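Enquirer: In case you want the letters, here they are:
2 protein chains.
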Amino acid sequence: MHKNLNITKPTLIIDKEKCMMNIQRMASKAKRHQLQFRPHFKTHQSLEIGLWFKNYGVNKIAVSSLTMADYFSKEWNDITVAFPTNILEIKTINSLASKITLNLTVENSKSILYLKNHLTHKVNIFIQIDVGYGRTGIDPSHIDDINFLLEVIENCPLMEFEGFLSHSGHTYKCDSVECIKDTHNRSLKVINQLKNNYLSRYPNIVISLGDTPSCSVSEDFSGIDEIRPGNFVFYDVMQYQIGSNTIEDIAVAMACPIVAKHKNRSELVIYGGGIHFSKDRLIENDITIYGKVVEKTKNGWGKVLANTYVKNLSQEHGIIKVPFQDFDSYTIGDYVLVLPVHSCMTVDLMKNYLTTEGQQISTLI
Amino acid sequence: MHKNLNITKPTLIIDKEKCMMNIQRMASKAKRHQLQFRPHFKTHQSLEIGLWFKNYGVNKIAVSSLTMADYFSKEWNDITVAFPTNILEIKTINSLASKITLNLTVENSKSILYLKNHLTHKVNIFIQIDVGYGRTGIDPSHIDDINFLLEVIENCPLMEFEGFLSHSGHTYKCDSVECIKDTHNRSLKVINQLKNNYLSRYPNIVISLGDTPSCSVSEDFSGIDEIRPGNFVFYDVMQYQIGSNTIEDIAVAMACPIVAKHKNRSELVIYGGGIHFSKDRLIENDITIYGKVVEKTKNGWGKVLANTYVKNLSQEHGIIKVPFQDFDSYTIGDYVLVLPVHSCMTVDLMKNYLTTEGQQISTLI
Chain A
1 MHKNLNITKP TLIIDKEKCM MNIQRMASKA KRHQLQFRPH FKTHQSLEIG LWFKNYGVNK
61 IAVSSLTMAD YFSKEWNDIT VAFPTNILEI KTINSLASKI TLNLTVENSK SILYLKNHLT
121 HKVNIFIQID VGYGRTGIDP SHIDDINFLL EVIENCPLME FEGFLSHSGH TYKCDSVECI
181 KDTHNRSLKV INQLKNNYLS RYPNIVISLG DTPSCSVSED FSGIDEIRPG NFVFYDVMQY
241 QIGSNTIEDI AVAMACPIVA KHKNRSELVI YGGGIHFSKD RLIENDITIY GKVVEKTKNG
301 WGKVLANTYV KNLSQEHGII KVPFQDFDSY TIGDYVLVLP VHSCMTVDLM KNYLTTEGQQ
361 ISTLI
Chain B
1001 MHKNLNITKP TLIIDKEKCM MNIQRMASKA KRHQLQFRPH FKTHQSLEIG LWFKNYGVNK
1061 IAVSSLTMAD YFSKEWNDIT VAFPTNILEI KTINSLASKI TLNLTVENSK SILYLKNHLT
1121 HKVNIFIQID VGYGRTGIDP SHIDDINFLL EVIENCPLME FEGFLSHSGH TYKCDSVECI
1181 KDTHNRSLKV INQLKNNYLS RYPNIVISLG DTPSCSVSED FSGIDEIRPG NFVFYDVMQY
1241 QIGSNTIEDI AVAMACPIVA KHKNRSELVI YGGGIHFSKD RLIENDITIY GKVVEKTKNG
1301 WGKVLANTYV KNLSQEHGII KVPFQDFDSY TIGDYVLVLP VHSCMTVDLM KNYLTTEGQQ
1361 ISTLI
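Quick note, the sequences are listed as chains A and B, same order.
Numbering of the first sequence is given in our numbering, commencing with residue 1 and proceeding in unit increments.
Numbering of the second sequence is given in our numbering, commencing with residue 1001 and proceeding in unit increments.
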């Protein structure tokens, strides 16, 4: 790839083949477990990459803002906004609800009552449940709160109860497959207890779960009807550390020009900083890293270069630590390829992709 | 302000009056010390805000990328790119050099030789010196390296030596005015030694220094010819922690809708996450914070609300910790105002401002 891409600035490279493999693997898993597959599109944020999912029978998606729902409504007519409904955007809600099947997420009485009074078109409602992450959602033991929402929904002709939606975001604190599975199993237990309480009343209830770690490594989806992982489309170094993927699965890398070299510190300075990578970081063997440098290959990239990583980021600068014996192999005016720590954030900052074949792909701006 | 602004999503609010005060204060200080004032525009990244500086006699600026230089060249004809020259962007360099006074920053032989062979229009060259930060620049004791660059510059009719440029970025590790002053004084000593060695050979040599902390608190600029602080235009909570400014000086705040409340944890969930604030954070009394919530006032915002801060950020979610006794005063569907930890990064993500009077201001996209 490297002869043709004409890299002059920080550029987000996508390996389409790896990305398609990630999509295929997750779509097959959903099929195998008879789960509806509603991928979360907040990671790639691109209409064009979204189309790649259609080859695998995907016809419904999740997003995390109404802005994204609006963008994707050009191609998708069944969208879940997996974020507590922002009632200040009621105009967008009504406009979207007039065009597509819009599934909203609600977790409090204020929002459900507001919707009841301001909806002009029909929406489906997921009640958000906190399965242990502690970010959003109703505590599943607060049955009165859940029943209050259900009552409002039932009495409003413009709302239909779709089911319970949860996010096991606490799997992100794991660093092994075992930890992910344990966390996921605890979530399954919580959500199934709730499902069983409501199944006779709502036989078509949909249980929507599915963070990338759990969906990547678990083979137990008992009681789950729908999964909605997002990050798996690209993965990243953070997901690798959690235990979700191999390094080879990571489908995006940043190409960053080398602008300076400092032999005494065995460090390179790259054009590529916090406004390109994001400041997301992780700790590996007591060292803070912001990205891992990979070997360049003819068709993209290969293995991670040992002990070669982004050590620090300021606005436009990145500092790369390289083993002293490799230092002379780097040239100012060349570029390095770096696997990002958190691909969702990097994509959001970069806005555009370049495939390893040289094709430009845009995202929502 | 709050009745008219019609906040429905995360919005970056700018208090123009505070911003103008920050500009005026720094411009007056530069004048008082007979320093050229070349503000760094990487913080605000806006042509329109750039114009506010012209009222204070500013006619030259610094930026941190050629992309920014290109954007600002519509209004400014003397621009320093305070970043090691990225030779891969030679086309942009030549295009800009044909239109404006372009000052490039060089710190290695590879780049200077490349420029010598590829420049088509005249540029000025700052040699970048590392005064102790350890990010970029030549070690000032490496006289041979400096002299090599000078020799190339002297023998190239398209390059003119402008002076030495440094950034005391290690002031960002301070947490008191004394620490900033100490760090700044050490930088002054280093750069003045160097200046004195070259002054007879280059009587018009320009010494360009000036991080926001040093420029904000120091009154000693001996030997310095030009300052180029950037962040001071808005300041932020990080600069406040370093000791550069008062909380009242901070000129930008994020308005974020409240979408959920969790009384048992005394936490609010806001629409406003890492893609709005950036993941920059700081530690205060052993607590990690991503922003401080301020009181809303008729004309903007007032004091920081005690123990009310952004505790965590994911892509679109922010979690705000509030004192239990204040919890009931927050309403879903209302919004909070948050001072960002790092205004440069927040502006880069948000791209647009809304003044407290309701005027839209755009940035480079």
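Any given hint could be a false lead.
Capping the alpha-carbon separation at 25 Å, the derived lysine-lysine pairs in BS3-like fashion look like this [unchecked claim]: (1) B:K1009 with B:K1279; (2) B:K1321 with A:K173; (3) A:K351 with B:K1009; (4) A:K110 with B:K1009; (5) A:K279 with A:K173; (6) A:K9 with A:K60; (7) B:K1099 with A:K9; (8) B:K1303 with A:K173; (9) A:K263 with B:K1116; (10) A:K9 with B:K1321; (11) A:K29 with A:K9; (12) B:K1263 with A:K116; (13) A:K9 with B:K1263; (14) A:K263 with A:K321; (15) B:K1298 with B:K1279; (16) A:K31 with A:K9; (17) A:K122 with B:K1054; (18) A:K311 with B:K1263; (19) A:K351 with A:K54; (20) A:K351 with B:K1279; (21) B:K1351 with B:K1054.
These are calculated hints, taken from the structure and not from any lab test.
From a predicted model like this one, the values you see are computed outputs, not experimental measurements.
Enquirer: Of the numbered hints stated previously, which ones are contradicted by the structure, given in increasing order?
Expert: Violated: hints 6, 8, 10, 11, 13, 15, 16, 17, 18.
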